[in-house]
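Visitor: Chain residues, written in single-letter form:
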Amino acid sequence: MARDDVWILGIHMTKFGKHPNLDTVDLAAEAALAALADGGVSMKDMGVLAAGNLMGAANGIGQQLQKQIGQTGIPVYNVANACATGATALRTAVMAIKAGECELGLAVGVEKLAGAGLLGGGGRPKSDRNVYEPHGRYGSVATIDGRVGTETMPGVFAQVGMEYGHKHGGATFELFARISEKNHSHSTLNPLAAYSKKMTLDQIMGDVMIAYPNTRPMCSANCDGAAAAVVVSGEKLKTLDPTQRRRAVKVSASVLTTDPWEEACQVLPDVNTLTRQAASQAYEQSGVSPEDLDLVELHDCFATAELVHYDNLGLCAEGEAVPFFESGATWRDGRTPVNVSGGLESKGHPIAATGIANIWEVCHHLREEAGDRQIEGATVGLAHVIGLGSACGVHVLERAAA
Amino acid sequence: MGRQIPLVEYLVLGEEPHLEANECSSCGARYFDRRNACASCGGTGFHKAPIDSEGVLRAFTIVSMAAPGIPVPFVASVIDCGGTSVRANVINTTPDPEHVKLGMKVRLATYVVGADDDGTEAVGFGFEPLEEPDGA
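Chains as they are written, first to last, in our numbering: chain A, 1 to 402; chain B, 403 to 538.
It should be emphasised that the hints constitute simulated quantities derived from the structure, not laboratory data. Given the structure is predicted, the values throughout are model-derived calculations rather than measurements. It is possible that part of the hints are untrue.
Stated by the list, open to error - Residues from chain B that keep clear of chain A, each with C-beta distances beyond 12 Å, as calculated: (1) E418; (2) P419; (3) S427.
Said to hold, decoys possible - To give an idea of the chain B side of the interface with chain A (calculated C-beta under 8 Å), a few residues: (4) L415; (5) G416; (6) A431; (7) F434; (8) A439; (9) A441; (10) I464; (11) V465; (12) V480; (13) G484; (14) S487; (15) R489; (16) V514; (17) V515; (18) D518; (19) T522.
Ideal Cβ placement from N, Cα and C applies to all residues, glycine included.
Here chain A stands alone, though its shape is the one from the complex:
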């Protein structure tokens, strides 16, 4: 029988950063075991496992993980959905519960990415003799990345931010740098962040330029990490003990979208329309409106991306992202705190872990377990990720008595 009541029972993220002595399975196991312990359950209770590891997508991280922490015969879904891989894993477990196939499920995302450098912009195979021959869907005779625009992530997202500035005005290099200044400042309160160093505006603007207007501290930090969540049906939750019920966080909306066709979406990936559609579906599913949000963890893969998502997520009126940021609204003491974890720019971005780690952050505030970072009295939050290709995950989470 279909159900629509799903809760996060347990959740964990590892410290993000460099873990030279741990492999992806170690990190996934650490996150999974701790999420199970946090929820007061074990692998034997799980009815489904969804796992994501983007860089090793062919390796079956789910089954590898089972061999380390419990082979119980349950179905495993290995998912890969660009930077939305973790959110997709969670959504897969949520769907299994909503479909009535099981009562409890585990979602895991893990990535080893420290020192990975620039992502995107694939090259061409080399041959011994160099003779031009049209190749691929564009019939190109040589590498086009860098000659016909750029496919690297910092460049793509730089253009996304600049396009917003062209349309609405006010989006200067300094403004984008101030967004980064906010997130680096927030990260100082996060002991699990890969980088937790406050940076001045001058330091950010004067750092190495990667793709104007994104300097190095304005780009997401490639690092290692894992995150995992245990989800449970409302019906099952009612049978669990009072502590488990008190700490459970309601998944009020779980949405995944891809980008619909728009003029230009294949020239410059459209990160806007799919986010707008995901957000509006999430608000409709949950009955929550943007003004109700006590905190938002959004996909600031680059400082330029954060700006457009204020608008896409409806945190401000359309076209008003610049004045919204300038009002101080998105600082942790503002009206709608955004990325109090430090965001991808400082907390780090181990790709497949990110979509669960942002939910970990929101859950900890809703449970009043966020320590020095706690947003006082938080009862509702939103987590957003986007993956190019494209995929967008939005989850609305609420503290509510089960």
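Knowing the structure of chain A, use the given hints to seat chain B on it.
Guide: The following block gives chain B in isolation, referenced to the frame of chain A:
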């Protein structure tokens, strides 16, 4: 001069080099690569459509870190060519924010990317500013 071939098939060389899209015969959506069906309407009929060679700079970035072999910095951009968006580098200008401005008018220009072992030259394209910044 040896033989020349375009860097990409959608660049048409000759007297007046221009870009050419595969246009969906049902809904008019345009694609620069080969398509199995239209991503917008599902139609399977396509015809060639020439793209305006002048346009307006709608978005850009100045890329300082790129794959080996690609000279940096370069200006990557999206140009609005009469309602069709084109991805291209802005060329024949100084790659800094003083010389490249959102909303500036640009036009298609070609250049030789390199030659292969048979002496065949690959011709690439970019867009160059139509006028100096501030009308100078």
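Visitor: All hints, please: hold or fail.
Guide: Results of checking the hints against the structure:
1. Consistency note on E418 of chain B: stated as away from chain A, and its beta-carbon is indeed over 12 Å from all of that chain's, at 20 Å minimum.
2. Every beta carbon of chain A lies more than 12 Å from that of P419 of chain B, the smallest distance being close to 14 Å; the non-interface claim holds.
3. Non-interface call for S427 of chain B relative to chain A: holds, since the shortest CB-CB distance, roughly 16 Å, exceeds 12 Å.
4. The interface hint given for L415 of chain B is broken, as the beta carbon of that residue sits about 12 Å from the closest beta carbon of chain A, more than 8 Å.
5. A cut of 8 Å between beta carbons decides the hint on G416 of chain B: the least distance to chain A is about 17 Å, and the hint is violated.
6. Checking A431 of chain B against chain A by beta carbon gives a least distance of about 7 Å; that is within 8 Å, so the hint holds.
7. Taken as an interface hint, F434 of chain B checks out: its beta carbon lies about 7 Å from the nearest beta carbon of chain A, inside 8 Å.
8. The interface hint given for A439 of chain B is broken, as the beta carbon of that residue sits about 12 Å from the closest beta carbon of chain A, more than 8 Å.
9. With a least beta-carbon distance of about 5 Å to chain A, the hint placing A441 of chain B at the interface is held under the 8 Å criterion.
10. For I464 of chain B, the interface hint holds, since its Cβ comes within 8 Å of a Cβ in chain A; the closest pair sits about 4 Å apart.
11. Checking V465 of chain B against chain A by beta carbon gives a least distance of about 5 Å; that is within 8 Å, so the hint holds.
12. With a least beta-carbon distance of about 5 Å to chain A, the hint placing V480 of chain B at the interface is held under the 8 Å criterion.
13. Interface restraint check for G484 of chain B: the shortest CB-CB distance to chain A comes to about 12 Å, outside 8 Å, so the restraint is violated.
14. Given the 8 Å rule on beta carbons, the hint for S487 of chain B holds: about 3 Å separates it from the nearest Cβ of chain A.
15. Annotation: R489 of chain B was flagged as interfacial toward chain A, and the flag holds, the nearest CB pair being 4 Å apart, inside 8 Å.
16. Interface restraint check: V514 of chain B against chain A, minimum CB-CB distance 11 Å, threshold 8 Å, status violated.
17. Interface hint at V515 of chain B: satisfied, since its Cβ lies 6 Å from the closest Cβ of chain A, which is below the 8 Å cut-off.
18. Among the interface hints, the one on D518 of chain B holds; its C-beta lies about 4 Å from the nearest C-beta in chain A, closer than the 8 Å criterion.
19. Annotation: interface hint on T522 of chain B holds; nearest CB of chain A at approximately 5 Å, less than 8 Å.
Of the numbered hints given earlier, the model fails hints 4, 5, 8, 13 and 16; all others are met.
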